[in-house]
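K.L.:
First to last, the protein sequences are chains A and B. Counting from 1, one number per residue, gives the positions in the first sequence under the working numbering. Counting from 1, one number per residue, gives the positions in the second sequence under the working numbering.
Rather than coming from a laboratory, the hints here were simulated on the basis of the structure. A couple of the hints might just be wrong.
Any copy, or any two copies together, can satisfy a pair, since identical chains are not distinguished.
Result set (PhoX-like, lysine-lysine): computed pairs, CA atoms no more than 20 Å apart in a straight line [what the hints assert, rightly or not]:
1) 182 - 93
2) 153 - 61
3) 100 - 132
4) 153 - 172
This is what each chain is made of:
2 protein chains.
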Amino acid sequence: MRKNLGSKPYIFPQPVLIIGTYDENGKANAMNAAWGGIVGMHELIVDLGSHKTTDNLAVKKAFTVSIADAAHTVACDYVGIASGRKVADKMEKAGFTTVKSDFVDAPIINELPLALECELTEILPGGKYLGKIINVSADESILGDDGDVSIEKLFPIIFDAAHSGYYRLGDKVGQAFSDGKKLM
Amino acid sequence: MRKNLGSKPYIFPQPVLIIGTYDENGKANAMNAAWGGIVGMHELIVDLGSHKTTDNLAVKKAFTVSIADAAHTVACDYVGIASGRKVADKMEKAGFTTVKSDFVDAPIINELPLALECELTEILPGGKYLGKIINVSADESILGDDGDVSIEKLFPIIFDAAHSGYYRLGDKVGQAFSDGKKLM
């Protein structure tokens, strides 16, 4: 028996994206966003509303997207509830330090091991920001023997859209483009 | 030490979205997509390329997005590798049966317990489909005591963009809009 719940933003899982930007003086900020995703081999989108981050994007037209990991859940949640418009030392309180990306005019958060470095390409109605992924930088600690990202080392956290929980990644249960061949 | 990996579609986690559509004769189809996300309280986006699904969307301008769950990993992977343009009995092979949504002209897959029922609102360059979420329907089996979706009952699978693995949801590690208050 199915029940109708109305119109809700219920994709599961959702990512926890930490958006890094500089203001006009080169001061770094970060915010937390779950509404977004990949929309092409070199493109992503993120819905941001109105924040210090969007002020910064209007000036710099560049941003990073770091992936929140289980080791930094508290800091990643904090940058989602404290406003960069009101809290001058937000990054310090989060315990985040930054270096400038070699590819775009935006900060990489040293403590988060994976960052997508993006140029802002378009702002769609409703505050949807489209970015071109110029580079992905990863700390060596999350790379597997093949030199690529190991999701089991990265340990991204997962956002529960229904009850706002954060979850860990569980065990591997299958292999895409492979398991389905059993039915062919 | 960080390493540059080039431009890659590396958001973690990514969802496994099963897109349901009808063709001009009312025949149901489904495909698997990981590139997309929520972009507003009532909006989602999904990048689809060119498929039977996009043929159908041109005609019906409506679709459902079902969330792939751990119990149907093989079937959900199958609909991503078999083409509805070539395989006439794709839904039967997947073991999927459907009923028409009460809200949009698209099929709900009975076997998958959560579906977002959407109207197509816009196609952006590159095959990005924007949808307005008209209703969410959920099987009672995934609802908690509060009548809302329980992610721990839904058990969505998680796509690993780097190595194409499917993963289970793990344990809860935090609470959004709450844990970060420790740093305020």
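K.L.:
Hints numbered earlier in the text: which of these fail when held up against the supplied structure?
P.N.:
2
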